Amino acid sequence: MSDEPKVIDARNTFCPGPLMELIAQMKQAEVGEEMELLSTDKGSAEDVPEWINKVGHEVISNEEKDGVWRIRVRKLK
Amino acid sequence: MRILIIGGGMGGTILGNNLARRLKGELKSGKAKITMLSASDQHMYQPGLLYVAVGQMTPDQLYRDQRGLLEPGIDFEVDPVEEFDLDNNRVKTKAGKTHEYDILAIATGSRIVPEAIPGLAENAEFFYTEESAVKMFKRLREFEGGKVVITVGVPHKCPMAPLEITFMLNDYFKERGIRDKVQLHYTYPIGRTHSLENVAKWATPEFERLGITYETLFNMKEVDGKNKVLKSEEGTETNYDLLIAIPAHKGMEVIEKNNLGQSGWIPTDRHRLNMEGRDDVFVLGDTTNLPISKAGSTAHFEAEAIAENIASMVKIGVPVRDYDGKVFCFIEAGKDRATYAMFNYQNPPDPKPPTKAVHWFKMAYNQLYWASARGLL
Numbered sequence: 001m002s003d004e005p006k007v008i009d010a011r012n013t014f015c016p017g018p019l020m021e022l023i024a025q026m027k028q029a030e031v032g033e034e035m036e037l038l039s040t041d042k043g044s045a046e047d048v049p050e051w052i053n054k055v056g057h058e059v060i061s062n063e064e065k066d067g068v069w070r071i072r073v074r075k076l077k
Numbered sequence: 001m002r003i004l005i006i007g008g009g010m011g012g013t014i015l016g017n018n019l020a021r022r023l024k025g026e027l028k029s030g031k032a033k034i035t036m037l038s039a040s041d042q043h044m045y046q047p048g049l050l051y052v053a054v055g056q057m058t059p060d061q062l063y064r065d066q067r068g069l070l071e072p073g074i075d076f077e078v079d080p081v082e083e084f085d086l087d088n089n090r091v092k093t094k095a096g097k098t099h100e101y102d103i104l105a106i107a108t109g110s111r112i113v114p115e116a117i118p119g120l121a122e123n124a125e126f127f128y129t130e131e132s133a134v135k136m137f138k139r140l141r142e143f144e145g146g147k148v149v150i151t152v153g154v155p156h157k158c159p160m161a162p163l164e165i166t167f168m169l170n171d172y173f174k175e176r177g178i179r180d181k182v183q184l185h186y187t188y189p190i191g192r193t194h195s196l197e198n199v200a201k202w203a204t205p206e207f208e209r210l211g212i213t214y215e216t217l218f219n220m221k222e223v224d225g226k227n228k229v230l231k232s233e234e235g236t237e238t239n240y241d242l243l244i245a246i247p248a249h250k251g252m253e254v255i256e257k258n259n260l261g262q263s264g265w266i267p268t269d270r271h272r273l274n275m276e277g278r279d280d281v282f283v284l285g286d287t288t289n290l291p292i293s294k295a296g297s298t299a300h301f302e303a304e305a306i307a308e309n310i311a312s313m314v315k316i317g318v319p320v321r322d323y324d325g326k327v328f329c330f331i332e333a334g335k336d337r338a339t340y341a342m343f344n345y346q347n348p349p350d351p352k353p354p355t356k357a358v359h360w361f362k363m364a365y366n367q368l369y370w371a372s373a374r375g376l377l
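Residue numbers (this note's numbering), protein chains in the order written: chain A, 1 to 77; chain B, 1 to 377.
To be clear, the hints were calculated from the coordinates, so they are not data collected in a lab.
Keep in mind it's a predicted model, so treat the numbers as computed, not measured.
Among these hints, one or two may not hold up.
Stated by the list, open to error - Distance windows between CB atoms, simulated:
no., chain 1, residue 1, chain 2, residue 2, range
1, B, L376, A, K77, 30 to 36 Å
2, B, A364, A, E64, 43 to 49 Å
3, B, G211, A, D66, 40 to 46 Å
4, A, G67, B, M1, 39 to 45 Å
Unchecked claim - In silico EDC-like links for lysine to aspartate or glutamate, alpha-carbon gap of 16 Å or less:
no., chain 1, residue 1, chain 2, residue 2
5, A, K54, B, E234
6, A, K42, B, E197
7, B, K228, B, E125
8, A, K6, A, E36
Where is the CB? At the ideal position from N, CA and C, for every residue including glycine.
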């Protein structure tokens, strides 16, 4: 388990967008690896946890500060 | 100043030609030299593969001789790079030749990796290569009815392709008079029908109007070809009679082998477009790891920004321009209507209802592309 997760900076991007970026990165991550997604799309606060939960990974934290959502997740399988 | 461009696709070609025009005097005086190394002597108009897959174009219409597209001042060699030695500003090619540079631009592109999903390569049709697009069209011609499933890997080149092929299939089967015997079922990795919210807002009611069913939050996991079932990471599955896939992509193997970037994507500064940590190496097109569309227009606009910057580095020693994230994508909404999406890092797209005029403009662009590649458009 890493204290410094891999950061996916998807701020100010629309296509393919934050969730699609996260999906791509999760596919090449190791089981147990943590990642932190940065997004300026308020939709990420809901659609990222929705996908993470549906697939069976883990949302560690989901915080917003100054218009930037920081969503930390862990790959579980 | 020795400028070395790796890759003769859309990005590398526009960059080379734009740069050659800007540095005409410097090339003539010997102050600058531009060399391009490519894996092929042919240049393919990749967006045309979509039309090959539905019988609207033939493969021969997609190619031009690469040398003929380039400004005379560019030294072009068909000799792909195998080793990058960025610390010593040199590369080594397949033929064993070493090229030294002062400024390097990497535009090696991407490739499909259907083999990453068990069963996909053997059981799905796709259209990202000439061979597969022709094969897909032959399958379509033989298809007399049943369930057609469209499925999408991540990441993929051309973000509009999943929607475009779906709408074009709808019209293809309609034209053959068998649309009522075909169920079109679209699947997509995130929770709406397209990554761009405004595009999804347009596409979803279009699907409903045309009787196209869809399932979102669907990421391919494996294909059971024997039972004709596609399974998702999310635990769902759908049966099919004909499976059409937009496979996931990776960057080129040479990038991975040289440890320039995970999965073949090179870490790139989103505004300056230089490889992270290296001011003398630029990256463009699909090769970057930027979270923006892997599309020809992205490569085009990046190439223009990089050309301006390299030219100014030759002339005044520093780059002058930031890339603003500009992307422009046509969206075919069937065989005779289209719209478009234009956006950058700050402004989301707002696509208008499809029209015949935009479709015909896209048809014209399929020919105008060759002027674009020459850096004239």
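Quiz item: Out of the numbered hints, which ones does the structure contradict?
Solution: Hint 1 alone not satisfied by this model.
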